[in-house]
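**Student:** Given chain A, work out where chain B should sit, using these hints.
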Amino acid sequence: MSNETFDEETLMAYADGELDAERARAVEAAMAQDESIARTVRLFRGTAAAARAAVSDSTPPVPAALRAAVERAVANAAPLSPESRDTIPPAVPERFRSRSAANSPLYALAATLAFVAVGVGAFFAGSRSSGDPQFGGLAVVAAGTEQKAFDEALRSVPSGSAQPLAADARVSIAATFRDRAGQVCREFQVERREAAVTGVACRTGERWSVDFATAQAVASGGFQPAGANAALDAFLTEHGAAAPMSAEEEAAALGLETPKR
Amino acid sequence: MPSDIGAELIALLPRLRRYALKVCRSADAADDLVQEACERALAGAERTTDAPFDVRMFCIMRNLYIDRLRRARTRGETVDADDQRDLTGEDGRRTTESRLMLDRVSQAIDALAEEQRDVLLLVCVEEFSYREAAEILGIPIGTVMSRLARGRLRLAEALGMDGETGPVIEGVGR
Chain A
1 MSNETFDEET LMAYADGELD AERARAVEAA MAQDESIART VRLFRGTAAA ARAAVSDSTP
61 PVPAALRAAV ERAVANAAPL SPESRDTIPP AVPERFRSRS AANSPLYALA ATLAFVAVGV
121 GAFFAGSRSS GDPQFGGLAV VAAGTEQKAF DEALRSVPSG SAQPLAADAR VSIAATFRDR
181 AGQVCREFQV ERREAAVTGV ACRTGERWSV DFATAQAVAS GGFQPAGANA ALDAFLTEHG
241 AAAPMSAEEE AAALGLETPK R
Chain B
1 MPSDIGAELI ALLPRLRRYA LKVCRSADAA DDLVQEACER ALAGAERTTD APFDVRMFCI
61 MRNLYIDRLR RARTRGETVD ADDQRDLTGE DGRRTTESRL MLDRVSQAID ALAEEQRDVL
121 LLVCVEEFSY REAAEILGIP IGTVMSRLAR GRLRLAEALG MDGETGPVIE GVGR
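Residue numbers (this note's numbering), protein chains in the order written: chain A, 1 to 261; chain B, 1 to 174.
This is chain A alone, in the form it adopts within the complex (with noise of 0.2 Å):
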């Protein structure tokens, strides 16, 4: 029996999973004991979900001229030295975030997300490079014949199939949908062998960019983390992601010729 009494920012922090384990519990006894209690902190999970919910929902993606903008930033900026790039942790993509874990498998990710981080950088600015001479230049050189692979899978295979980017790179397209703009988006995945890159790629214009991308390490193997998939789900209902098309609406969407059946 408990009849300790609690303000309200500790119920909201418990809502907010910011108290310890044995405040949390203590909370959780008086819940059960009294029901205001429990409305309170249903209270604020509600206000928290609506604050959420309502902020995604009206934000519009981000202006291809900022992101232009931004892209030149970060191609004309200088490279960082070793030292300090070791010390820069990732962004844990938003989702992943929970607040008491350090210990969970989320942070794993991250710091498997660190590990690949170079090559994820390389591929990102490879992937937007087409058609865009402000990057012609850009250190993707290896990439530059996978780089070409990548924009002609993206725009002509059939999601469910494979093409071989290089030697030792392939990438798959899993699935073609509309975000909540409108635009043509295909998920995708670049295997290779240390590593994999599920992302997401979305058409302006004849212009195909990366608007999402996660690596994984790849162990000897093949195992892959299942965290990915949290992360691109996030992303997905972030950008109001459509049901992926049907075959025939891929090849419209697309401009291919309608699958045999």
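The hints are simulated quantities; they were obtained by calculation from the structure and are not laboratory data. Ideal Cβ placement from N, Cα and C applies to all residues, glycine included. One or more of the hints may lead you astray.
These stretches of chain A come out as covered by chain B in the derived footprint (C-beta under 8 Å, 3 or more residues) [claimed, not checked]:
no., segment
1, 8 to 21
2, 39 to 46
3, 51 to 60
4, 65 to 72
**Tutor:** Here is chain B on its own, set in the frame of chain A:
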């Protein structure tokens, strides 16, 4: 070779702009703010903490925003407060009930006192911890909590939420 933080920066753009839009309430001002923050980060300024990348980016952007406000005030400019309504409602699908509800929530957030809205956006929308929000805003964690609690109670009141039925929007709670 581009800077290594480039990919992370680009991945973070939607969140940076989302926050900037809510804070600046003008698309142009938000874009300027995000771009300048990115340039600062790339220039390697302010690499002083070992906080996660997104926390540092929000810090940089927040500090820039405060600087701009201050400069605008000394020049006697007023900050354009309300072309934000133009930013939503571009697609013709905003008619369903849940969408109307989301619009109401969005308006109620805009109507909050700025200090309450700030913490609400960082903690509830961007899902920063209290400590991270305190770092970004440069205020004590206790202040984050009291503003956040007041803001959320105010929001609940504006929306007629009473905690009886859980989240007002079906299917969006975690």
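**Student:** Evaluate each hint against the coordinates.
**Tutor:** Checked hints:
1. Check result for the segment 8 to 21 of chain A against chain B: holds, 6 residues qualifying (beta carbon to beta carbon below 8 Å, three or more required).
2. Chain B is given as covering the segment 39 to 46 of chain A, and this holds because 8 residues of the stretch bring a CB closer than 8 Å to a CB of that chain, at least three being needed.
3. With a threshold of 8 Å between beta carbons, the proposed coverage of the segment 51 to 60 of chain A by chain B holds, since 10 of its residues qualify and at least three are required.
4. Residue count for the segment 65 to 72 of chain A with a Cβ under 8 Å from a Cβ of chain B: 6. That meets the three needed, and the coverage hint holds.
Checked against the numbered hints above, the structure violates none of them.
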